[in-house]
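Colleague: Sequence:
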Amino acid sequence: MYAGVRNTLARYNLGILHTYEVIRSKLEKITGVTQIQTDMCPNSCIAYTGPFNLLETCPKCGSSRYEDATPTEQDESKQFYTIPLGPQLQALWRTPEGADRMHYRNRKTEQIVATLHSNGYQLPVLDDVFHGAEYLDAIRAARAGQIRDNDILLMYSIDGAQLYCDKESDCFFSIWVILNLSPDLRYKKKYVLPANFIPGPNKPDHTESFLLPSFRHASALQKEGLMVYDARKQEEITCGLFFCFFTADTVAIPTLNGLVGHTGGSGCRIPCGQRGRRKPQQPTYYPAALKPDDYSVKGCDHPDIDIDQINGPDTLEYQRNLRVLLQSTSKRSFNKNRLLTGIVRPSICLGFHQTKMFKVPRCFSLDIMHLFNLNLTQLLISIWRNSADIKLKFTDSTKPDFVIFDDDEVWQTHGKLVAATKPYLPTSFDRPPRNPAKKISSGYKATEFMLYFWALGPGVFRPFLPHHLWVHFCKLVCGIRAIIQRRITQKQIITAHTMLTEWEKEFEEMYYNRQVSRLHLVRPCVHAVVHAARETVRCGPLNLVAQWALENTIGNLGREVHQHSNPFSNLSERGLLRAQINTFKAIYPQFDHQPALPRGAQELGSGYVLMYSRDWNNFEISDEREIQVFDSFLLASGEYEPNKKLSIIRWARLRLPNGQIARCAWKELENKNTRNSRNIKVFYLQSSFSATNLFYAEVQYFFKFPTPEDKQAFALVSLYSEPDNELLSQSQGTLWVSRYLGKRALCIILAESIQSVVGMVPFILSNAENTNAKIRAKFSGTYFVSEKPFLEFLGTEDINVEKDAEENAE
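Oh and the sequence shown: position 649 is 733 in my numbering, straight run, nothing missing.
A hint or two may mislead.
Stated by the list, open to error - Result set (DSS-like, lysine-lysine): computed pairs, CA atoms no more than 25 Å apart in a straight line:
hint : residue 1 : residue 2
1    : Lys827    : Lys765
2    : Lys795    : Lys751
3    : Lys589    : Lys475
4    : Lys375    : Lys483
5    : Lys669    : Lys113
6    : Lys827    : Lys728
7    : Lys477    : Lys589
Please keep in mind that the hints were generated in silico from the structure rather than gathered at the bench. Note that the structure is a prediction, hence the values are computed from the model and not measured.
Please model the complete structure; the sequences and the hints are all you need to start from.
Modeller: Okay, here's the thing in structure tokens:
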């Protein structure tokens with residue numbers, strides 16, 4: 085394509101001087117970023133690194149390293165690719181702006197230390213990994229050389245992905261995330277550094293051998309230091325590398341931490357020491373705290389465990405257990421010690437300098453992306469449906485009350501209810517959940533599960549779950565909504581811990597009920613939620629160390645694969661090109677074109693932007709109710725002039741600092757929009773409608789007064805009523821049900837008081853409630869609030885900029 089364009093331009097004397105190969109060569113020379121190609125077994129058993137470096141056949145499957153079985157012509161059969169970390173890091177310091185961004189950690193640490201000193205060594209709010217106890221402990225140990233001012237803090241993340249849904253195309257990615265950058269930047273794709281690309285379709289059998297080239301390079305930089313030019317200081321400095329977190333999903337994390345799989349006797353991903361229990365004559369262990377009735381399986385019949393007393397990861401305990409495992413003298417003693425300690429082998433992360441990283445196993449944290457949005461949600465649906473992987477046996481008279489969706493008619497009704505919420509969810513909610521009755525087994529995404537359960541769950545499950553199970557479910561929603569926030573207070577952490585601990589205890593009592601036949605309902609994800617609040621205190625907000633950044637990288641790089649005959653090679657080339665271009669732009673920021681505001685947009689400051697459509701001429705207000713509201717507003721502000729006609733300039737959209745677009749009834753109703761984006765969440769509104777400072781409202785329109793010097797923007801909104809207190813209390817604050825008040829509750833607010841765009845979904849009653857006229861009348865015309873979880877890390881900023889540009893062009 086490049087050559088074709090070059091030849092066409094040459095006909096008009098507009099030739100590009102260099103060929104594509106020359107340009108790529110220059111790009112590689114300028115950036116210093118290249119990829120290391122390493123031989124691997126064609127069946128993905130091993131990579132020919134470390135102890136396998138000189139082998140010519142795979143020791144596991146016997147496949148030849150070379151296609152012609154002779155190394156003389158160096159005809160490798162298969163290779164994987166590693167992109168070194170060093171050159172990518174060096175480029176980020178080359179400009180004053182880049183160096184200033186890399187010093188964010190130092191500034192943030194100074195703020196945290198000042199807050200600790202002034203607040204009795206308490207942190208009221210956690211909004212970054214630097215608020216975590218793990219980082220603060222390392223800072224206190226700085227005199228011992230743990231973390232210094234110029235150190236670069238990193239997180240490593242690895243996962244597998246399938247490039248095509250209709251054929252075998254598994255491959256494996258890994259990335260580095262630079263924690264020195266602020267959270268607003270570090271998860272954007274131009275700052276996420278590609279590390280490895282391992283082709284499939286088979287899963288790597290000896291994963292450590294594939295990680296070795298990347299880890300060896302990082303270890304060398306850690307040992308010798310990385311020379312960078314700090315453009316802000318205009319001098320060369322030596323940066324140390326400090327490794328904070330190594331992350332993967334529940335299945336993949338044992339390749340990094342060396343622990344047993346999640347079905348082992350000590351299968352907790354946060355090695356807390358809780359022993360599992362297994363069914364008689366079966367090998368799989370389940371982390372049930374309560375001992376089953378009439379149970380005597382050897383090694384599993386320990387008394388009930390108090391989950392309030394379980395601990396987090398302990399380095400000294402891990403080292404003692406590892407020593408026990410390594411002293412095994414036979415396979416039999418090894419198997420015994422493996423069961424006793426929960427360790428299979430030493431972690432590959434022990435190869436790094438232990439004073440320049442969070443120690444093993446404290447460098448591994450919960451991955452709440454998979455835990456909350458895939459593992460836990462799929463388990464609950466399977467239990468409620470009694471699906472094939474649950475297989476509870478019962479008669480009509482012994483049917484458990486939690487099996488609610490085994491009736492296909494009920495399941496289909498629920499699915500239609502979920503799909504019917506789509507028009508009420510704003511466009512900034514990305515992909516709304518599809519009908520689970522039709523789509524849940526065919527590629528239901530983590531973001532769909534997240535909206536389905538944690539945003540809509542209290543409203544869409546209430547008509548079907550028995551009341552006590554619905555209250556129990558709401559405790560889970562309450563805890564998870566708190567944990568997945570980017571900014572979380574100490575009070576919210578305590579509440580989340582209480583809710584999640586109570587949920588786990590009640591789950592075992594209500595679902596498992598000490599029955600051996602139901603032991604398999606207590607999956608590892610049920611136990612893992614108990615650790616979430618403690619891990620937030622230890623690591624900072626867990627969404628900052630979750631797999632979202634890697635999953636986004638997999639998605640946007642996967643979409644760039646167009647050479648479908650050889651997708652793995654094409655994928656690695658796209659990854660290399662991205663690393664080179666991002667490095668080039670870091671060195672020469674004049675080539676990094678930032679998306680401009682849409683035509684005609686007006687910045688209001690603090691990240692708020694008014695956007696088209698708008699009135700081109702002054703709009704005179706004629707509605708009597710609106711006139712009364714405007715008169716009251718102007719009177720309160722001291723600008724009321726009797727008998728003067730009111731005129732304003734109306735605007736249709738407001739972009740919020742979180743990237744969402746708030747729209748208004750004026751244009752949405754006129755354009756017959758299929759998604760409602762005009763309902764908003766407002767804080768600190770002074771009004772007679774409620775005693776609280778939290779409101780939900782529908783925007784009628786945004787406006788500015790025609791006075792040229794007036795920079796402020798406002799919104800005319802119609803408030804929703806205060807919530808139903810009984811439902812709010814029963815649901816632990818997760819189900820906010822209000823009535824739309826229309827023009828009875830019009831008021832004017834500052835545009836900057838709008839916090840987010842929310843969904844207001846019609847509130848549905850159960851069949852029994854619909855037969856009660858009093859209840860039906862009470863909730864007629866009511867809506868429940870649906871808020872999108874953690875807006876900052878789902879890519880809404882970039883997506884909305886592109887959407888806005890398209891809409892503006894139209």
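Colleague: Looking back at the numbered hints, which does the structure fail to meet, lowest number first?
Modeller: none
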